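Given the sequences, and given the hints that come with them, work out the whole structure.
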Amino acid sequence: MKRWRNSRVREQAAGYLFILPNFAGYVVFVLTPILFSLYLVFVDWEYLKGFAGIRWVGLDNFRELGNDPKFLHSLKNNVVFTAISVPASMIIGLLLAVLLNKYVYMRNTLRTIIFLPYMASLAAVSVIWSIMYNASSGPINAFLKSIGIAHPPGWLSSPQSALYAIIIMSVWMTIGYTMIIYLAGLQGISKDLYEAADIDGASKLRQLLQITVPMLSPTTFLILITQLIWSFQVFAPVAIMTQGGPIDSTMVLSYHIYLEAFRFYKMGYAAAMSWVLFAIIFVVTIVQWQGQRRWQNHF
Amino acid sequence: MQPAAEAIPTTRIPVRKQPGLRIAVKIAVTVILAAFAVLMMIPFLWMLSTSFKINAEVFRYPIEWIPKTWHWDNYKKVWTGPNAFGIYYLNSMKITSITVIGNLLTSAMAGFAFAKLRFKGREFLFLLYLSTMMIPGQVLLLPRFILFDHMRLINTHWSLILPGMFTVFGTFLLRQFFSTLPNELLEAARVDGAGFWRMFWQIALPLTKPALVTLMIITFNWHWNEYEGPLIFLRSRELFTIPLGLTTYVEEMGTNYVMTMAASVSSFIPLLIVVVIGQRWFVEGIASSGLKG
Amino acid sequence: MKRTTATAIGAVLAASMILGGCGGSNDGDGQTASSAPSASGGSGKAITLQFWGGVPPESGPQEAVDNWNKLHPDIQVQYTRFVNDDAGNLKLETALLSNQDAPDVFMSYSDFNVTKRVEAGMIEPLDDLIAQVGFDVDGIIGVDNIKKFPDGHYYYLPANRNIGATLINKTALEAAGEQVPEAWTWDQFAALAKKLTTGDMKGTAMDAALNNYGEHLLAEEKPLDSYIKDDGTSNFDSPALKQGLELQKDLESSGAQLSRAEAVANKLTNQDALLTGKAAMVVSQIYMLRYIKDTTNYPHDFQIVFAPVPQLTEGGNVNIGGGMGDFMSINKNSPNKDAAIQFMDWYLKEGNMAMVPGGRIPTNKQADQAKIAEMLIGDAGDLIDQASLQAALSGDYVFPTSYNVPAPTELHQVYTEEMEKYLLGAQSIDAATAALKKRGDETIASAKK
Chain A
1 MKRWRNSRVR EQAAGYLFIL PNFAGYVVFV LTPILFSLYL VFVDWEYLKG
51 FAGIRWVGLD NFRELGNDPK FLHSLKNNVV FTAISVPASM IIGLLLAVLL
101 NKYVYMRNTL RTIIFLPYMA SLAAVSVIWS IMYNASSGPI NAFLKSIGIA
151 HPPGWLSSPQ SALYAIIIMS VWMTIGYTMI IYLAGLQGIS KDLYEAADID
201 GASKLRQLLQ ITVPMLSPTT FLILITQLIW SFQVFAPVAI MTQGGPIDST
251 MVLSYHIYLE AFRFYKMGYA AAMSWVLFAI IFVVTIVQWQ GQRRWQNHF
Chain B
1 MQPAAEAIPT TRIPVRKQPG LRIAVKIAVT VILAAFAVLM MIPFLWMLST
51 SFKINAEVFR YPIEWIPKTW HWDNYKKVWT GPNAFGIYYL NSMKITSITV
101 IGNLLTSAMA GFAFAKLRFK GREFLFLLYL STMMIPGQVL LLPRFILFDH
151 MRLINTHWSL ILPGMFTVFG TFLLRQFFST LPNELLEAAR VDGAGFWRMF
201 WQIALPLTKP ALVTLMIITF NWHWNEYEGP LIFLRSRELF TIPLGLTTYV
251 EEMGTNYVMT MAASVSSFIP LLIVVVIGQR WFVEGIASSG LKG
Chain C
1 MKRTTATAIG AVLAASMILG GCGGSNDGDG QTASSAPSAS GGSGKAITLQ
51 FWGGVPPESG PQEAVDNWNK LHPDIQVQYT RFVNDDAGNL KLETALLSNQ
101 DAPDVFMSYS DFNVTKRVEA GMIEPLDDLI AQVGFDVDGI IGVDNIKKFP
151 DGHYYYLPAN RNIGATLINK TALEAAGEQV PEAWTWDQFA ALAKKLTTGD
201 MKGTAMDAAL NNYGEHLLAE EKPLDSYIKD DGTSNFDSPA LKQGLELQKD
251 LESSGAQLSR AEAVANKLTN QDALLTGKAA MVVSQIYMLR YIKDTTNYPH
301 DFQIVFAPVP QLTEGGNVNI GGGMGDFMSI NKNSPNKDAA IQFMDWYLKE
351 GNMAMVPGGR IPTNKQADQA KIAEMLIGDA GDLIDQASLQ AALSGDYVFP
401 TSYNVPAPTE LHQVYTEEME KYLLGAQSID AATAALKKRG DETIASAKK
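Protein chains in written order, with our numbering: chain A, 1 to 299; chain B, 1 to 293; chain C, 1 to 449.
For the record, the hints were derived by calculation from the structure and aren't laboratory data. On a predicted model such as this, the values are computed, not experimentally measured, just so you know. Errors might be hidden in some of the hints.
Cβ-Cβ distance ranges computed for the label pairs, FRET-style [unchecked claim]: (1) B:Gly193 - A:Val283: 50 to 56 angstroms; (2) C:Asp301 - B:Glu252: 21 to 27 angstroms; (3) A:Lys204 - B:Leu128: 54 to 60 angstroms; (4) A:Lys204 - B:Val38: 23 to 29 angstroms; (5) C:Asp301 - B:Thr69: 18 to 24 angstroms; (6) C:Asp151 - A:Lys70: 28 to 34 angstroms.
We put the beta carbon where it would ideally sit given N, CA and C, even for glycine.
Here it is in structure tokens:
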């Protein structure tokens, strides 16, 4: 009896000791910043005056959000960016994965090549693409002109195309990721399903739509979530390629937060915006999760 | 990057019906995908070729993929002088390696405790972790800036290393993995008189290798390429990481495109080589995060 | 295979950790920078001043700082360059926001930037510090040359006296059969720009981060406080501003100048445009001399000839881009203000002579002008048309100033937004000027509250 209690006590102690390093760091570098940020949301802080510059403003920061056209605009840009880049990257990634999984030679080589952009840093990728996008003499427009398009888009220099230019780059970068995850998902689908379908005489396309896609839905959910979160936080390409321009056509939340905090020193307002970003990500995730469960129940 | 001639089919070809047609389809798809892969590589190839040119040649069209003369000077300039790239590599390697190892260790310990040790408050703490997992980096960035300012961590590598060492994501990932280990395994060790540290270090940890590899690659990729944190926390050139060093260099070079391309190549060709050599490792690491997360 | 790779990568990581650990052992404070040996031996620890400016170190600042450091072992100055564009100014301000390794002394390059920093509380009022070191403001710089802020304080001292000029590629000019313009208007400028446009070379170009024609013409119409009328309301409905906007649109759409949006996207600078043959002339300042002389980064063989800045009206004499620049300030949170003002005192009296070869003329009225002219040209006599440079240097100009504009930062922001919408075709010229006037008045009204 005593030994048993002893071992329970020892296990308790071990549990705390094992958690301690991580938990201590968690408190200092995650929990405290979060709580601090929750407080910031309700204040207006003249940062350079130190703690004396803090003034409680209640919900004013959130009210201001509704009247800030730049904020609404960046929200819209985030939505457009996500709504195009995520599905595009997923569809292309899925197709590549299906083809790579069964129908090719040199599978590893091809897989690695397509995967490479994902491992490169966004900073370097942004630098390369911003030069390739050069409107009057860059290689992309030179190519478009050579195939007979007289007025190719202005890419980063035109408010109509700048956001799409960044979207194209980000799709290019992320299809490697979606493809890899889908490939892993495909490994988990039993071969028997396809053999049965073959015997039934189902076409390859029907097999894709009726077996592969539904069976991959947990994978799809996972990619969707990670990509959504990633794309709502997109920062480096905007900071490096356009700084939100021309005329705010590429302004996104994360960059707007950065500007408000470090150009206009509105710490409270920037914090409020960052929580809106969190709320969006959170809601989208929950909705996806619910949707996925209902969707799966149908099959 | 040339397609290898001796292609090894990696999936079984069902030989039941029309093997000839199957092979034809396979060849056709291979060709199409190879073309696609080349398309994917164009930005890199263009960068590489541009980095050896002089500025007057950059925008010539049709593109001269092979420079007429190879201007190695561009690289000499990037790697020597007061703002040589070497220091950025040292900084990135230091930050990334300490962060990755630290994160693996603290996450594994905490993940093990959450999964396999019974102690008061475990559920509460885990719920606390879970509830903060979805919070994006932007929320943390500002308060961290203010906090680090008071902790005098701004403009030190610790401002990047410390937050990276204690992650909720890592703890969660490894906790999920440890949970799948059968309890009997640990009980047996306990009967043999093993302490908790030995159970963790000698039994559980070796079995977790795939998950550790996954976490290692994800955190490596993240910290090696991170841009926003260094941009905000670092001031001194000699502390810059590769992405920040690169963009600073690019801003100063303006439209001197050959130099910006030489710098870009310098910033990630070494990583590219590592990825190509360890491709299985990287690919599987990332893929299995997909299945567990 | 798999195992070997894993081990290899592990080994690389481990090695890098050891390497990194050594290399970074002195990270943390830049304060301890052990590389600067303290010659004074036992005199206690040396103060390190962080000095931020927009000029590349090799174009003068490093030499200036080295000269100072040799004379003052107890106050070591470290120079950091930021690029004077939006992203670079943002980095400077992020640095000013924290207490650690923040700049002690820094440069602002425009009235709206320095005003913004004063309003944010980033800058220390200088009056007491000036008195402390006995700096003779009027005798050295001249009180008329410095803005007194509404609270009656000085917040910066200018270190550079700019002179604006039109820099023209002489080879292109001669090929077009044109003479060097002497006194000219913007209409004549536009005509020449179109004439000089050939093939890959545009007639003119503009660094979008620094310049635009609307503000140029506005400042020529009203050199004092161009943003406001005499009655204090917004001057954004001025016909001169409208003419400037239309001039820019005309030059862009006729192909004589790269569009502003593209110049932003390509990060085009005046020196890139002129010296790599992308444009035949630029309206800029004589700081361009530093790039003309830098044949390593800008290899070229044509001469640059200097013409006056085009004028709104014939016989005008306003020198756009000229006047006081390099506004030197001290960080309000700097722990080393005494050392900082000593450094500024020295820099403004003699230190900034090291900047002359880089194309920056000291504000010190007592500096040797003949020597300055000689240093400006240096050994690049064959790349510079010397007679025209001398003429530009010795001209008698009216310099625009903007000492009494309320909220210059916000007004500049309003102007930039509406201008971009107009240039990108998102609104007509009339809509633009109407919006400018309306928003300008609103901005001024809310600033006065």
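Here is how each hint holds up against the structure:
no.: 1; hint: B:Gly193 - A:Val283: 50 to 56 angstroms; verdict: 51 angstroms, holds
no.: 2; hint: C:Asp301 - B:Glu252: 21 to 27 angstroms; verdict: 24 angstroms, holds
no.: 3; hint: A:Lys204 - B:Leu128: 54 to 60 angstroms; verdict: 49 angstroms, violated
no.: 4; hint: A:Lys204 - B:Val38: 23 to 29 angstroms; verdict: 26 angstroms, holds
no.: 5; hint: C:Asp301 - B:Thr69: 18 to 24 angstroms; verdict: 20 angstroms, holds
no.: 6; hint: C:Asp151 - A:Lys70: 28 to 34 angstroms; verdict: 31 angstroms, holds
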